[in-house]
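K.L.:
Spelled out from the first residue to the last, the chains are:
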Amino acid sequence: MTQTLQAATRPARRPAAKVRRAAAGRRPPRAGLMTLLCVASLFTVAPLIAVVILALSPQDAPTIPNAWPRELTFDNLVRILRLGSFPRWLLNSFCYSAISVVVILFTSSMAAYALARKRFPGRNVVLWSIVATLMVPVQTTLIPTFVLVAHVGGVNTLWGLILPTLANAQAVFLIRQFIRELPNELFDAARVDGAGEWRTFVSIVLPLIRPVIATLAIFLFLWHWNDLLWPLVVGQSDSARTLTVGLASLNTETVSTSNLMAAALISFLPCLLIFVILQRHIVAGIAATGVKG
Amino acid sequence: MSTQTPSRRREAITGLLFLLPVLVIFGAFKFIPILGAAGMSLTRYRLNGDVTFIGGDNYARLLADANFWHSVGVTFLYVALFVPATIVVSLGGAMLLNAVAGGATGIFRALLFVPYLCSFVLAGIVWSWIFRTDGPVNAALHELQLGPVHFLTGKQLLVLASLAVVSVWKGFGYSMLVFLAGLKAQPAEVYEAAVLDGASPRQVFLRITLPLLKPVFFFVLVMETIIGFQVFDTIYVMTGGGPARASFSITYFLYDAGFKFLDFGYAAAIGVALFLIVLVLSILQRRWLEEKETA
Numbered sequence: 001m002t003q004t005l006q007a008a009t010r011p012a013r014r015p016a017a018k019v020r021r022a023a024a025g026r027r028p029p030r031a032g033l034m035t036l037l038c039v040a041s042l043f044t045v046a047p048l049i050a051v052v053i054l055a056l057s058p059q060d061a062p063t064i065p066n067a068w069p070r071e072l073t074f075d076n077l078v079r080i081l082r083l084g085s086f087p088r089w090l091l092n093s094f095c096y097s098a099i100s101v102v103v104i105l106f107t108s109s110m111a112a113y114a115l116a117r118k119r120f121p122g123r124n125v126v127l128w129s130i131v132a133t134l135m136v137p138v139q140t141t142l143i144p145t146f147v148l149v150a151h152v153g154g155v156n157t158l159w160g161l162i163l164p165t166l167a168n169a170q171a172v173f174l175i176r177q178f179i180r181e182l183p184n185e186l187f188d189a190a191r192v193d194g195a196g197e198w199r200t201f202v203s204i205v206l207p208l209i210r211p212v213i214a215t216l217a218i219f220l221f222l223w224h225w226n227d228l229l230w231p232l233v234v235g236q237s238d239s240a241r242t243l244t245v246g247l248a249s250l251n252t253e254t255v256s257t258s259n260l261m262a263a264a265l266i267s268f269l270p271c272l273l274i275f276v277i278l279q280r281h282i283v284a285g286i287a288a289t290g291v292k293g
Numbered sequence: 001m002s003t004q005t006p007s008r009r010r011e012a013i014t015g016l017l018f019l020l021p022v023l024v025i026f027g028a029f030k031f032i033p034i035l036g037a038a039g040m041s042l043t044r045y046r047l048n049g050d051v052t053f054i055g056g057d058n059y060a061r062l063l064a065d066a067n068f069w070h071s072v073g074v075t076f077l078y079v080a081l082f083v084p085a086t087i088v089v090s091l092g093g094a095m096l097l098n099a100v101a102g103g104a105t106g107i108f109r110a111l112l113f114v115p116y117l118c119s120f121v122l123a124g125i126v127w128s129w130i131f132r133t134d135g136p137v138n139a140a141l142h143e144l145q146l147g148p149v150h151f152l153t154g155k156q157l158l159v160l161a162s163l164a165v166v167s168v169w170k171g172f173g174y175s176m177l178v179f180l181a182g183l184k185a186q187p188a189e190v191y192e193a194a195v196l197d198g199a200s201p202r203q204v205f206l207r208i209t210l211p212l213l214k215p216v217f218f219f220v221l222v223m224e225t226i227i228g229f230q231v232f233d234t235i236y237v238m239t240g241g242g243p244a245r246a247s248f249s250i251t252y253f254l255y256d257a258g259f260k261f262l263d264f265g266y267a268a269a270i271g272v273a274l275f276l277i278v279l280v281l282s283i284l285q286r287r288w289l290e291e292k293e294t295a
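Those protein sequences? They're chains A and B, same order as listed. Mapping of the first sequence onto my numbering: position 109 corresponds to residue 109, and the numbering continues sequentially without gaps. Mapping of the second sequence onto my numbering: position 192 corresponds to residue 192, and the numbering continues sequentially without gaps.
Hints should not be assumed to be uniformly reliable.
What the hints assert, rightly or not - Some residues of chain B that are not near chain A, with every Cβ distance over 10 Å (derived): (1) R8; (2) D50; (3) L63; (4) I87; (5) R109; (6) V121; (7) L144; (8) K155; (9) F261; (10) S282.
Said to hold, decoys possible - Below, computed lysine to aspartate or glutamate pairings styled on EDC-like, alpha-carbon distance capped at 20 Å: (11) A:K118 - B:E11; (12) B:K260 - A:D238; (13) A:K118 - A:E185; (14) B:K214 - B:E189; (15) B:K214 - B:D134; (16) B:K155 - B:D134.
The hints are simulated quantities; they were obtained by calculation from the structure and are not laboratory data. Quick reminder that beta carbons are idealized off the backbone N, C-alpha and C, glycines included.
Pulled out of the complex, with its shape left as it was, chain B reads as follows (with noise of 0.2 Å):
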């Protein structure tokens, strides 16, 4: 009885000195840099440490500035377009690779995988130059008497898909594996009577397949709600914003503000919206699935 208060005490301190280079780094790194864009946000802040306080101006300037809602709905568009596709594409592939069993999954597994190993930036390298007026593209529309379609320079629904494409194509492999470990998880005895009772093959995607993915399913939403929302390499690399701000990003937004005109309070006032705006999200989504499940 007398040993176990100091062998615990010593279990403390071993506890947290092992905690101990996390807790400075995330200190100094997460925790800290988190505060301080509340805090940032509520300044008018100068590089060169001319700092003002000005409360709520940021956020007033933010409601009323123009630009900041052209850029909440270009990312709301390219959201829309980007999560929905990727989760049809990751979740199409998983279920191919799951029927194929046998041998040859593994290619077929690590060729459709192998986008997710280059960069945004080398995506968008090489999709600028499919997608360019005299790349493969246009130059196969061209056989079929079709296009040239401006696919970066054109209209904005448009431009935006076509950067979708882009990030669907350099990021589908990682949800694709999440699912595909989802579905391999699934017990086959309900599928096998499922056929028994002679159920149509919507009728077991709809009634097992999907509710039985619904945790996996939850977590690619969120996954790529989050990532769709913070959508700058491709943007960055492909069209700088253009054309006439058609994919002008609230994270294109932000880096403006903060490294073109070195408004920094601002532009943490902007990253705060934008955590705000991912966070609603999330609640929002996890609240409509489990409505699903009750309904």
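Just chain A, same shape as in the assembly (with noise of 0.2 Å):
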């Protein structure tokens, strides 16, 4: 208190500098954190303002890094919509994403559920090469899964591409986690209940692992919506062509950058909604990965 009161009324500098660079060993001043901030989050912003932009440019307009546009306009936005197979590939993108979502997450449940909850000969065999497979890159088994796919007529149709990305071993492991931390009162509730495992499992399990089955259906639609390797190679024909595949192809053919950038702007859309809504998961899915796993 009277050091505080004497730093205040001596006009001297000495002391309180002293005091703010102890303070610094752990709180450097903030108005210089806010200004690396502001710095670091334009960097990592600015080439997303840049498609918008360029993306909205009439087409063979002046526009950036040479001009600012004039004029803004959708008509880009438009074009590419209505382009050949865009549609098909959005439709592709779609149902890959969310077919594989609903199936992942509706299968690894059941298995979390009996990994972390029965006992079983061979559970602890199971889970574990379940989880070894994460160590394995996706292209050592591109090849053989590729083979495997074509052999029953897979190669250009949706469930060819759909099938393989179903083993998840995240989705897994990660809801099996989480099951082993809900208090066994409630599974000891409901069998005095008398409810059968179907419905501990409906009417217990799946409402309250809510919060990681939301995390992981963001990610798990991210990795399917972004993912290029598998798709490019299954689905080579337009038909079954996901979005990522086909801005890769309209990258290498004389689109202009307006029409280029509008299609990148369509495909990055529907992953900034679901961040913006889904934001508070996110967080909190990516600290329960790091931190305990």
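Bring the two chains, given one by one in their own frames, into a single complex with the hints.
P.N.:
Structure (structure tokens):
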């Protein structure tokens, strides 16, 4: 108390600077940090703003980096949405992402329930063989998976695209960790009430694991929506191409920058929308993977 | 006593039934392909069903193939650029966010994270434009009487560094949030004690923050190394393995062997080699971090 008073009343700068420097051991001045954060954010966001500006610039009009566009237009977006196979690519991406997410989450929840709550021989072997597949790069299994899908006629089909991606170890593992933390009493109560296994799973487990399901849903959607390699090799014809593959092919064709950026912007909007709505779950989900995992 | 055995058996049966869908999916699309990769790498494999067992020939060929060693060199160089950069950027971002507690953190966190939402293809397209000879970076350099710099068509180190910049920009958000969660879990008392003892910010970072962060650090290091070795999308979109194979990574080599030359057995062998490299490196990284702990 006296020290603060002294520091406040005395005109000398030295003690104040000393106190501030001591505090700086943990916390440098806020204004500097804010500036740093602003600059860093500018670096991360600027390329995406450039996409938006280029996508909305009239075709052949001077635009960044040479000049700011005089007017903005939605023409490019409309043109791209009407372009040949673009609607098909969009639909394929939606099916690929949405169907995969739903099936992965449902089957993984079932497996996770068994792995977390049921005792049976070989349980740990199963769990660790599933988790061990995380160490194998997707490229290692790319060729055999492609050959397998090709032999059953799945190349250039939507089901051929979706099926192999349904094996997702992260989903099984994370949901299992979550179910393990649920209190035993809940399951005992369900048993006492005479609920069968399926009922326990549907009306007790599924509602309780909603947080981890929400988080996984976002990430699985993002990963599938943005995936390139597998859709590239299995969806070679337009009928089975996803938006990401289509976007990559537009990049090699002679499409104007504004049209290419319009396509890029359209591919990005669903991801941005999901993020804006469900931000909280994303942060919680990443925290869970990194700190506990 | 007599009811226990049947109820145990029933528990086992329900457990297996709940596990069944995932077991089938993993069996067909993970376990069989993993074994298949090992098996196919020992064959000359054509898609028309023409399969010949050739033992270790693919591996002998791989070890004698200049293209393979070149792609290994490219990939290691890329990883050496990408992994440290991504760790510095994501840890820096996390520490910044952690230091500025308060209402604005949410917005900044979102702004820093937002590139993670886009695909590597989208990132590649935007940054190809940014790096163009008549793009914004070169326009800025021109103002400074510098350049033009040929980011994607110049020397190998420059091209790989440019690709690494794109991957860091796109991907660091995830690791940043992992680090941030780790930082938030650290006990504040330790820091207060250190400040009272007169520790410098550098000492605090090296002696307290990093050691406490070790498990998280290991997780991020291994994850980003695996991601680095799998680099494909940005190369496919931005350079196509060029110029003059400057960005011809292992994964690009694998893609070429498999889907350009339809040499499936050989491509499978490349896939197995990639797995072994990643595995050995993960083990070495764990050893390295454990040694640092005992030292």
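K.L.:
Determine for every hint whether it applies to the structure shown.
P.N.:
We went through each hint and held it up to the structure:
no., hint, result
1, R8, "7 Å, violated"
2, D50, "12 Å, holds"
3, L63, "18 Å, holds"
4, I87, "13 Å, holds"
5, R109, "7 Å, violated"
6, V121, "5 Å, violated"
7, L144, "14 Å, holds"
8, K155, "23 Å, holds"
9, F261, "12 Å, holds"
10, S282, "7 Å, violated"
11, A:K118 - B:E11, "6 Å, holds"
12, B:K260 - A:D238, "19 Å, holds"
13, A:K118 - A:E185, "15 Å, holds"
14, B:K214 - B:E189, "19 Å, holds"
15, B:K214 - B:D134, "44 Å, violated"
16, B:K155 - B:D134, "18 Å, holds"
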